[in-house]
Amino acid sequence: MARQSALKHSTPKKRRALQEVSNPQAEHPAPGLDRLIHERLRLGIVSALAANESLTFNDLKSLMNTTDGNLSVHARKLEDAGYIAVTKSFEDRLPKTEYKLTAAGQSALESYLSHMETIIQQMRNR
Amino acid sequence: MSPLHIVSAPVKEPPALHDRAMDNLKYIRETMERATAFTNISGGGQVAIGVTALAASAIAARQNVFKNWLAVWCAEALVALLLAGWSMDRKARAAKMPLLSGPGRKVAFSLSPPILAGALLTVALYRAGLVNAIPGLWLLLYGTGVITGGMFSISIVPLMGICFMALGAVALMAPPEFANWFMAAGFGGLHIIFGFVIARRYGG
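Chains as they are written, first to last, in the working numbering: chain A, 3 to 128; chain B, 117 to 320.
Just chain A, with the same shape it has in the complex (with noise of 0.2 angstroms):
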């Protein structure tokens, strides 16, 4: 009842993104696909992770132009499957929270990577 609530009382964006996070397989992709990393926002987190050792909330949220909410949704999401590793610190005073892929992560990218290489490659094949 209140997610629909919230649904209706929000800007198309915003519904799209809680209509994502509700329901993670409302796009059907190819059969046998990662629907984890498969969404957009997920596939950009680990894909910015692969290119770094770590990077911190406040990088990512630049880096993807997203809202708090919207990533610690989706990066949460990504440390239950067990792709990124979180660790929470203090810097100064300030809470930091860090991120990394971890090697079932980097293991579920590859995957991935070779996933569209195969489609694409079927269809060159035709």
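FYI, nobody ran anything at the bench for these hints, they're computed from the structure. Hints are supplied without guarantee of correctness; some may be wrong.
Sample of chain B residues lacking proximity to chain A, with all beta carbon distances greater than 12 angstroms (derived) [as the list claims (entries may be wrong)]:
#: 1; residue: A132
#: 2; residue: L133
#: 3; residue: M138
#: 4; residue: L199
#: 5; residue: S228
#: 6; residue: I270
#: 7; residue: A282
Cβ-to-Cβ under 7 angstroms is the rule here; a few derived chain A residues that face chain B [claimed, not checked]:
#: 8; residue: S49
#: 9; residue: A50
#: 10; residue: A53
#: 11; residue: L65
#: 12; residue: V88
#: 13; residue: A105
#: 14; residue: Q108
#: 15; residue: I121
#: 16; residue: I122
#: 17; residue: M125
Taking lysine to any residue pairs in the SDA-like style, the calculated list, with each CA pair at most 25 angstroms apart, reads [said to hold, decoys possible]:
#: 18; chain 1: B; residue 1: K222; chain 2: A; residue 2: K79
#: 19; chain 1: B; residue 1: K142; chain 2: A; residue 2: T120
#: 20; chain 1: A; residue 1: K79; chain 2: B; residue 2: S228
#: 21; chain 1: B; residue 1: K183; chain 2: B; residue 2: T264
Keep in mind it's a predicted model, so treat the numbers as computed, not measured. Beta carbons are placed, not taken as given, at the ideal position from N, Cα and C, and that holds for glycine.
Chain A is fixed; fit chain B onto it per the hints.
Only chain B this time, still in chain A's reference frame:
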């Protein structure tokens, strides 16, 4: 009576699977490039540039002829360029991203126009006998390049550019006997301070 034409709305076909796959690959590549540009500025390299700049300003301060002073700083510019290229390349290799992909090119394209403008204005000011304005001009234009190049990077980089510009503005107004101090504070001090912060916060 003319016949009635029923016009139906055009049906927009969903993008093909392979188109989406290509789009996803492009998105991954662009995000990785942006993320690398974000931190490919090497803090350690900047500290090294700052140290050589401090040495250069000490040597330049001892020169009585302007041409020699200029030669010292031209040599330092070359050393700094090599140090910056080497340190950024090392950091890019560690992240398994080629330096001259999208991010490296963006930084190079943003930095080079103000540096080229600075070189041409140096010649013009030297010919006009206005050499006292050169240190302020260099700091100001270098700051401009750092701000524009830093737009693709971590927010601390444009902040460093602002500090260079502020120092350059003060140097332009200050008496010429302080010129070497401003050069040491800018190209030496600011590089060392910001280099330390970048190295500490952004891994090298």
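Structure-based check of each hint:
The non-interface label for A132(B) is inconsistent with chain A: the shortest C-beta to C-beta separation is roughly 8 angstroms, within 12 angstroms. Here L133(B) does not stay apart from chain A, with its beta-carbon only about 6 angstroms from theirs, under the 12 angstroms limit. Not every CB of chain A is more than 12 angstroms from the CB of M138(B) (nearest about 6 angstroms), against its label as outside the interface. The Cβ of L199(B) lies farther than 12 angstroms from every Cβ of chain A, with a closest approach of about 22 angstroms, so its non-interface assignment holds.
No beta-carbon of chain A is positioned within 12 angstroms of the beta-carbon of S228(B); the least distance is around 24 angstroms. The beta carbon of I270(B) is not kept farther than 12 angstroms from every beta carbon of chain A, the shortest such distance being approximately 7 angstroms. With a cut of 12 angstroms on Cβ distances, A282(B) stays outside the contact zone with chain A, its closest approach being about 23 angstroms. Checking S49(A) against chain B by beta carbon gives a least distance of about 4 angstroms; that is within 7 angstroms, so the hint holds.
Interface hint status for A50(A): upheld, as the beta-carbon distance to the closest one in chain B is roughly 4 angstroms, under 7 angstroms. A least Cβ separation of about 4 angstroms between A53(A) and chain B falls short of the 7 angstroms threshold, and the interface hint therefore holds. The closest approach between the C-beta of L65(A) and any C-beta of chain B is roughly 6 angstroms, which is under the 7 angstroms cut-off, so the hint is satisfied. Annotation: interface hint on V88(A) violated; nearest CB of chain B at approximately 17 angstroms, more than 7 angstroms.
The restraint placing A105(A) at the interface with chain B is violated, with a minimum CB-CB distance near 15 angstroms, outside the 7 angstroms limit. The criterion of a C-beta within 7 angstroms of any C-beta in chain B is not met by Q108(A), whose closest approach is roughly 11 angstroms, and the hint is violated. At its closest, the beta carbon of I121(A) sits 4 angstroms from a beta carbon of chain B; the interface hint therefore holds under the 7 angstroms criterion. With a least beta-carbon distance of about 5 angstroms to chain B, the hint placing I122(A) at the interface is held under the 7 angstroms criterion.
The interface hint given for M125(A) holds, since its Cβ lies 4 angstroms from the closest Cβ of chain B, which is under the 7 angstroms cut-off. Restraint check for K222(B) and K79(A): the C-alpha separation of about 33 angstroms exceeds 25 angstroms, so the hint is violated. Distance hint between K142(B) and T120(A) is fulfilled; the C-alpha atoms sit about 15 angstroms from each other, no more than 25 angstroms. With a CA separation close to 42 angstroms, the supplied pair K79(A) and S228(B) exceeds the 25 angstroms bound.
With a C-alpha separation of about 30 angstroms, the suggested pair K183(B) and T264(B) falls outside the 25 angstroms cut-off, and the hint is violated.
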